[in-house]
Amino acid sequence: MITAAVLAALATACALGSWRFTTARWTSRAPRLAVIVWQSLGLAWGLATTGAMLAFAVQPYGTGVLQGLIAFGRGETPPEAWDPLHVLALIAGLTALAVLVVVLIMAGVQALRARRRHRMVLALISRDDPGVPGVRVLDHPGAAAYCVPGLRSQVVVSEGALKLLSEDELAAVLAHESAHVRERHDLVLLPFAALRRALPWSKVVADAQSQVELLIEMAADDRARRYCSPRRLATALLRFGTAGAMPTPQGMLGVHAQHVMARVDRLIKPGPELAAPARYGFIALSVGLLTATPFLWVIPL
Amino acid sequence: MDILWAQSSALTAREVGRLIADRDLAPTTVMTVLDRLTRKGFLERTRDGRAWRYQPAESRDAYIAELMLEALDMTGDRSAALTRFAQAVSGTEAEILRRVLTELEEE
Chain A
1300 MITAAVLAAL
1310 ATACALGSWR
1320 FTTARWTSRA
1330 PRLAVIVWQS
1340 LGLAWGLATT
1350 GAMLAFAVQP
1360 YGTGVLQGLI
1370 AFGRGETPPE
1380 AWDPLHVLAL
1390 IAGLTALAVL
1400 VVVLIMAGVQ
1410 ALRARRRHRM
1420 VLALISRDDP
1430 GVPGVRVLDH
1440 PGAAAYCVPG
1450 LRSQVVVSEG
1460 ALKLLSEDEL
1470 AAVLAHESAH
1480 VRERHDLVLL
1490 PFAALRRALP
1500 WSKVVADAQS
1510 QVELLIEMAA
1520 DDRARRYCSP
1530 RRLATALLRF
1540 GTAGAMPTPQ
1550 GMLGVHAQHV
1560 MARVDRLIKP
1570 GPELAAPARY
1580 GFIALSVGLL
1590 TATPFLWVIP
1600 L
Chain B
18 MDILWAQSSA
28 LTAREVGRLI
38 ADRDLAPTTV
48 MTVLDRLTRK
58 GFLERTRDGR
68 AWRYQPAESR
78 DAYIAELMLE
88 ALDMTGDRSA
98 ALTRFAQAVS
108 GTEAEILRRV
118 LTELEEE
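One line per chain: the protein sequences are A and B, in this order. Plus 1299 on top of the position in the first sequence (first one is 1) and you've got my numbering. Plus 17 on top of the position in the second sequence (first one is 1) and you've got my numbering.
In case anyone wonders, no lab produced these hints; they're calculated from the structure. Be a bit skeptical, because a hint or two may be false.
As the list claims (entries may be wrong) - Computed list of lysine to aspartate or glutamate pairs in EDC-like fashion (alpha-carbon distance at most 20 Å, straight line): (1) 1462(A) - 1428(A); (2) 1568(A) - 120(B); (3) 57(B) - 75(B); (4) 1462(A) - 65(B); (5) 1568(A) - 122(B); (6) 1462(A) - 1427(A); (7) 1462(A) - 1438(A); (8) 1568(A) - 1506(A).
When you get a sec, could you build the whole thing from the sequences and use the hints?
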């Protein structure tokens, strides 16, 4: 009973923490750390929510969550009799766990499929440009620069982007994209996109996804600025933002403009680094979350 | 593929092979490539006597548009398949960005 209560409290704390964290201001000063905090919050929330239900459900066995589930899977009869409430909790917990796992796998498969198709079409219609070696060029007047992640990642820019940007700016954009490639940012985004699909009505999840998207862009900006002038990266960003080469559908504009401005601001006027105590505090929080939940799954209190 | 896009009519494998003049490819190679592209849905083929005639399923521009839509995240599903540099904004927001851009350039 205590395990279930503690896990439920932890799940609530994670949900509240995420809600508070969507408006945190320090994140742009340490984007990588913020991404790690988001990841641990997300994982801990998922494990704690499902764990709380299952811990209550397997109570008749008088063991930990995992051992209880294994015993149930083997068809052992618990020492105490089942009652409807525990059965209900078992069904709810297993369903929630299955939904989370299935949605994550589906998102992964879907992304892989979309990428494979994208890569195939790219191979047919893109061309090499002697001016930008190693980069695929798309003959389109619109401005686009992106990367198709994977084992063999490809960086793609459109003809329009080549025209739009100066040489320095193009170099900055390419440095940014190769940072995405090197740090496999797509893998960071995947679980959040999946969670968004599982809980489409949750505002916190939507905000979290959008935050993480912004944070990994900032992380890539940080890496890119080691190789190029931050000012050029900022002007490239602004040029992209104002290009508006294609009509943009309604309802998704606000976030983008804010994101672009937030990134430009920190490139031009970098904020002070996060103080060491705060940094270690957040690292400790992440480690704590990531060890506490699995611990509670195995050890009954 | 470029050769097929440049032609208005459907071609047989032999004709395609003749048009790839700059490289000396075996007819079977051309046939294999055409067959694979067909299986992946990029080409459509029709029977013409003993040979197949191939033509592109869609125009080159349609494929470019498809990629650009995905690149600019306009398919609406916000999937994590690609990572993009930045997205375009419009209207008053673009105006604000433009102003900042001029300021930065003047400095």
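Do the hints match the structure? See the list:
no., hint, verdict
1, 1462(A) - 1428(A), "holds (13 Å)"
2, 1568(A) - 120(B), "holds (14 Å)"
3, 57(B) - 75(B), "holds (13 Å)"
4, 1462(A) - 65(B), "violated (45 Å)"
5, 1568(A) - 122(B), "holds (15 Å)"
6, 1462(A) - 1427(A), "holds (15 Å)"
7, 1462(A) - 1438(A), "holds (11 Å)"
8, 1568(A) - 1506(A), "violated (25 Å)"
Hints 4 and 8 from the earlier list are contradicted by this structure; the remaining hints agree with it.
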